[in-house]
Structures are given as structure tokens and as C-alpha cells.
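Number of protein chains: 2
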Amino acid sequence: MSEAELPEVTTTLVYRLGGLGAIASARFAAAVEPLGIRPKHVALMAVLSAGAAASQLELAQTLGVVASVVVGLTDRLEALGAVERLRDPDDRRRHRLSLTPAGRTLLASCTAAATALDAELTASLSPAEAQSLHRAVGVLASETGLPA
Amino acid sequence: MSEAELPEVTTTLVYRLGGLGAIASARFAAAVEPLGIRPKHVALMAVLSAGAAASQLELAQTLGVVASVVVGLTDRLEALGAVERLRDPDDRRRHRLSLTPAGRTLLASCTAAATALDAELTASLSPAEAQSLHRAVGVLASETGLPA
DNA sequence: TATTGTTATACTCTATAACTATA
DNA sequence: TATAGTTATAGAGTATAACAATA
Chain A
41 MSEAELPEVT TTLVYRLGGL GAIASARFAA AVEPLGIRPK HVALMAVLSA
91 GAAASQLELA QTLGVVASVV VGLTDRLEAL GAVERLRDPD DRRRHRLSLT
141 PAGRTLLASC TAAATALDAE LTASLSPAEA QSLHRAVGVL ASETGLPA
Chain B
41 MSEAELPEVT TTLVYRLGGL GAIASARFAA AVEPLGIRPK HVALMAVLSA
91 GAAASQLELA QTLGVVASVV VGLTDRLEAL GAVERLRDPD DRRRHRLSLT
141 PAGRTLLASC TAAATALDAE LTASLSPAEA QSLHRAVGVL ASETGLPA
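So the sequences go chain by chain: A and B.
Counted the way the numbering used here counts, the first sequence spans residues 41 to 188.
Counted the way the numbering used here counts, the second sequence spans residues 41 to 188.
By construction, these hints were calculated from the structure, which means they are not laboratory data.
Ideal Cβ placement from N, Cα and C applies to all residues, glycine included.
Among the chain B residues that face chain A by a calculated CB cut under 8 Å, a handful are:
1) T52
2) I63
3) A148
4) D158
Here are some chain A residues pointing at chain B (derived, C-beta under 7 Å):
5) Y55
6) G58
7) A64
Now the in silico label distances, taken between C-beta atoms and shown as ranges:
8) B:D115 <-> A:A119: 40 to 46 Å
9) A:A107 <-> B:E169: 33 to 39 Å
10) A:D130 <-> B:E118: 58 to 64 Å
11) A:S166 <-> B:D128: 44 to 50 Å
12) A:P141 <-> B:V111: 49 to 55 Å
13) B:R125 <-> A:P167: 47 to 53 Å
14) A:G76 <-> B:T145: 47 to 53 Å
Model the full assembly from the supplied sequences, consistent with the hints where possible.
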């Protein structure tokens with residue numbers, strides 16, 4: 041009978057990434073909440089800004105949510121004047137969403153907030169550690185097909 | 041007017057940690073689901089295993105959830121024979137939770153599953169990258185006061 | 001009167017399903 | 001008839017509040 045040496049579950053990467061991710065999401069949510077939006081709204085605007093989706097259905101697939109969720113997110117962003125719903129002339133069932141100048145400004149504010157949080161988060165790491173963390177997380181993010 | 045250069049929000053650490061954490065949690069949840077439990081149950085057992093809490097109220101504080109949530113988690117684990125509720129003789133309002141041998145076995149299975157997921161997750165990283173990622177995540181985890 | 005655990009209730013988020021309009 | 005968007009409904013998860021037992 042072999043008795044494999046196992047670490048504590050709380051020290052594993054998946055476990056810690058799960059907990060850390062929840063904290064990161066909460067902090068980011070708190071940072072953008074004064075702007076009247078939540079992280080999913082930011083994700084939607086980021087996809088639009090990258091030109092990575094046209095119709096709401098495509099948006100839903102890219103974001104990994106269901107179509108009805110995109111409706112609610114878009115309603116909110118439209119009310120804020122951050123996005124516009126434009127009928128696709130080629131297929132009038134479709135809405136082409138477009139980021140307005142106000143939306144770009146809003147997205148920039150979110151990016152600034154995220155950058156500030158990054159600085160807080162990595163304050164206790166050396167520059168080299170912070171950089172290698174950033175790089176490793178980037179690799180995992182692209183590998184897992186994150187809505188980026 | 042200075043125009044600061046900002047990265048895309050999707051490349052920031054908080055944003056990616058949020059998304060990555062959601063994926064990690066989902067994978068871990070899928071891995072322990074056949075065992076009849078969810079990540080929070082694992083967290084509760086881990087705290088008990090570490091002797092980091094006695095009463096259900098302490099458990100709630102350590103886990104960062106409300107007391108009524110601990111009731112449900114404990115109900116489930118008790119039904120599985122993984123934990124026991126023992127009245128505290130010093131204060132009969134309190135339940136001292138104790139991990140049974142079956143609970144230790146269950147926790148070990150979860151740890152093994154998490155370790156396997158770690159290997160998958162870091163497969164595309166070099167050993168050195170994986171190790172530095174693990175270390176950096178450990179620093180952030182302890183810094184943010186994760187239930188560990 | 002204060003506190004531990006429990007139960008009952010409400011709220012948030014998301015998914016499923018039914019519906020409208022276009023194709 | 002099939003599809004894009006919308007609306008209506010239901011489920012999971014968690015928080016708040018009321019309650020019972022004990023201090």
C-alpha cells in the first residue's frame with residue numbers, strides 16, 4: 041500500500057484561485073458599483089471595444105452567458121448611454137451593439153479602477169514576482185478561453 | 041492634460057483572476073460533485089481538519105458566510121457521516137463539530153481531486169513558472185485572509 | 001437580557017421556456 | 001420552419017429576520 045503525500049487542499053492552486061477569484065470579483069464589483077454597473081457590464085463593453093462580437097447572441101456566446109442575460113446587461117448600458125442598439129439592415133432580427141463615446145469613457149474608468157486594484161493586490165510582491173504572476177495568469181486565461 | 045496609457049481591462053490581474061477563479065471553482069465543483077458535496081463543504085472540512093474553528097458560529101466567521109449557511113453545510117456533511125455535531129458541555133448552546141474518519145477520507149479524496157486539477161491547470165507552464173505562480177498565489181491568499 | 005443554533009423568508013443571479021418579429 | 005431578441009418563470013445560492021434553547 042503506497043501512501044502518497046498530499047498537501048492541504050487549501051494550498052492547492054484550484055482552491056486558492058477559486059477563493060482569490062471571488063475576492064478579486066468582489067473588489068472589482070465594489071470599484072465599478074459607483075459607476076452604476078457590475079463586472080459583467082464591463083466584460084460586455086470590453087468585447088464590444090475589441091470588436092469581438094456583433095449581435096447579442098454572439099455576445100452571449102463570447103461572454104459565456106445565455107441570451108436573456110445580454111438583454112438585461114444591454115438595457116442597463118443603453119440607459120446609461122454607453123451602448124446603442126442598431127438594427128442590422130441585412131437581417132432586421134439582429135441588433136448590432138455599438139459602444140458610444142460615453143461608453144468608451146465609462147470603460148476607461150473601469151480600466152483605471154482595475155489598474156489601481158492591481159497595484160493594491162500586488163503591493164506585497166516584488167516587481168519580478170508581480171510580473172511573473174501577471175504572465176502566468178495571462179497564459180492560464182488564454183488557455184481556458186476566458187472572455188477576453 | 042496628460043493621457044495615461046492604460047492596458048485593456050481584460051488584461052488586468054483583477055479581471056483575469058475573477059474569470060480564472062470562476063473557472064477554477066466550476067472545475068473543482070464538478071470534481072467533487074460525484075462525492076455529493078460542493079466546494080463550501082470542502083472548505084468547512086478543511087477548517088475542521090486544521091482545528092481552526094470549534095463552534096458553528098466560529099466556522100461561519102472563518103468561512104466568511106452567515107451562520108444559517110453553516111447549518112445547511114453541516115446538515116449535508118452529517119448526513120454523509122463526515123462530521124458529527126457534539127454538544128459543548130461547557131456551553132450547551134454550542135455545537136462542537138468534529139471530523140469523523142469518513143470525513144477525513146472524504147477530505148483526502150477532495151485534496152487528491154484538487155491536486156489532479158492543479159496538474160491539468162499548470163500543464164502549459166514550465167515547472168519554474170508553475171512554482172512561482174503557486175508561490176505568488178499563496179502570498180495573495182494569505183494576504184487577503186482566505187479561509188485557509 | 002444576550003447568545004447559539006435553527007427555521008422562515010426575501011433577494012440576487014442566472015437558466016429555461018414561451019412569445020414576437022423577422023427570415 | 002427556423003432564428004434573434006424579448007419577456008415570463010423557475011431554480012440555486014445566500015442574506016436577513018424571527019424563534020427556541022441556553023447562558
